[in-house]
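This is what each chain is made of:
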Amino acid sequence: MKILIIEDSQRISRALNIGLSKLGFCVEFAADGESGLEYARTNSFDVIVLDIMLPKMDGLAVLAKLREHAINASVLILSAKDQVEDRVNGLECGADDYLVKPFSFDELVARIKTLARRRHDIKTPRICIGDLIIDTAKRKAYIASNDAIELTASEYRLLEALSLQRGRVLSKDQLHDCCYTTDAYVSSNVIEVLISSLRRKLVSAGCKSLITTRRGLGYLIE
Amino acid sequence: MRTIQTRLTLAITLGVILLLGMAGIILDRYLATQLQQQFDDNLLTKAMTLVTLTTQEDGMVEIGFADEFMPEFEAKKNSEYFQLWLRDGALIERSHSLGIHNLPELQSALNQPVFSDLVLIDGRPGRAVEVVFIPHLKDHGFPGEELSQNNESATKTVGWSLSIQARIVVAKGRESLGVYIGALRSILFITFISLVIIIAVFTWFTTRFGLRSLRDVSQQLIGLNATQLNQRFVLHKGGDELQPIVNQINFLMERLEQDFQREKRFSDNVAHEFRTPLAELRALSEVVRQWPTESLSADELASEVLSITSEMEVIVQNLLLLARCDAGSIVIGHDVVELHDLIDNLWLHYSVQASERNIELVNNIRNDMLVNTDKDKFELIVKNILSNASAYSRMNTRIFVSTKCIDEQLVFTVTNDTDGLLQDDLPLLFERFWRKDLVRTSEHHAGLGLALVKSLAELLQFEVSTYLINQRFQISLTGLDTNT
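Residue numbers (my numbering), protein chains in the order written: chain W, 1 to 222; chain X, 223 to 706.
Honestly, the hints are just simulated from the structure, not real lab data.
Even for Gly, the Cβ is constructed at its ideal location relative to N, Cα and C.
Be aware that one or more of the hints could be misleading.
Rough simulated footprint, nothing fancy, chain X against chain W, three-plus residues with beta-carbon under 8 Å [what the hints assert, rightly or not]:
#1 4–16
#2 100–106
With a Cα cut of at most 30 Å, we get these calculated DSSO-like pairs of lysine-lysine [what the hints assert, rightly or not]:
#3 W:Lys22 <-> W:Lys113
#4 W:Lys56 <-> X:Lys486
#5 W:Lys65 <-> X:Lys486
#6 X:Lys605 <-> X:Lys676
#7 W:Lys113 <-> W:Lys65
#8 W:Lys201 <-> W:Lys138
Given the sequences, and given the hints that come with them, work out the whole structure.
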């Protein structure tokens, strides 16, 4: 899952970067409204965490522009403004959720996951594909009644992206966006390597031919 | 409900009742008197007619009364009465209507008729007149007229006796007078009641019509709640007298809205100033707790915590100081401050940061300039002014600090070049938490500095003024007390 955090406090950005990355999220940052909007327009994000009082462009203006450009990423407003009217205003401007500072890191993560599930119309944190169970809350994958499959953060993100959009063909670029930040330096065939590694681990866990290759198009889970 | 409309109607109606009541009483008295006078005149005329019919001859008095000419004295119903005596009481004549009864004597003097109410023999209320007179000689004129001219010569000429006096009492029922007066009083009463009702109804509707604009404003006020401070009142239904009130209410509403917005801005800003560092502390702490070895080192965390708490401490101290200024609980000391040295010393706090942006301070204050004031408070004022000047001056510019004497008052001035400050910003500069940068990105300026400057300056009785000309900002303190 790919998250954009638009927040002018370097300390909060730093803490969120550490925490969310450790939890396996792919996190991008913007320190002001203009660059945040630019990031959101040029990349695909599942969730955008947005502050309101931002340099260069107000958070609500960013939100309005996002919706104007038909960017349908879920937006969670993270603001010090705690009045009811502020929250109502934020939600009415197109935000999907509103969290007041100071916030619990665990609550923020839970809300991000909920937004991501809602975005893909999934009601429970568990996605079942045959014998394979992907727990988006714990960010782990299982074969029924067996132990968890040992996956790297990138492999999990790849599997989660394909599972959340089950039945849809995702191109290598789309999968790349889901797994890595824009400034990450990775080789061009990293997606093939990850797919290969993921298939091998799934097969060894007892789950055969789950990921299908569509030549020239990309990959999907049927 | 005691509404203005009800009160006005009641008051006007009561006034009308009093006025009409008094007028009615006066009119009633006047008309009743007039009617009675007319009745009495009529009665007297009748008595005088009988007097003219009474004659004397050779000491004998007689009355030439004929029933057919005055049938009212013979009528069986509602008849009138008369009785004629000599002065000594000897009865000469009485009307047939009296039968054997007598009329009372009223004890009048000669030619001075006396009127009196009485009960007639048939039980009706009546009125009588008594006239004492000297009957005239048969076939001669009226003795009264001659007497009035010359009593003695008349006596000699006609030879009639002045010693013979007669008394006549004429009485008649006064029920017609009672009927007239009763009718008059009924008309007056009906007119009175009608007028009162008409005036009360008219007043009710007139005041209702006249107060409709007040009701309109009242309805607008009733419909107002705390979330509608942006609402303004309009007089839809005339009532120019209310316009000043409506204008004043609108003015106060505007003030209230502004104050409310300022309060909201203040609470928003307080929330931001405290919630953000708290969020930073909490986020960093939670991350370090969950991943103690893979996130921040203990040194890094301690350094961040120290930095955050220091920033919060400054805000809290400034807020407390402002609160104490507002409460007037600050004691003012009396010191002598060497102004030039004070500026140089305070600038040391900002010189390093300023030099990075090639900003320089030019201290034009005389070396021997001494100011009598509270040193600590004055230091805080100057420190905040210099802090703002160093932070918001344009790169590669100079900050000028000087004093001058205007109208025998010492003025302390700090001037610097800025970017982006507008004339409209000047009144907001002293607002708490106001920052030109609405997103409040600066970690060292919470927007309380100039608010503190103003509060402390007022405490020390300085006047603070600001000017902006061609992006050159100047802040002045007027009224410094100096010995030099």
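Unmet hints by their number, sorted upward, for this structure | No numbers; nothing is violated.
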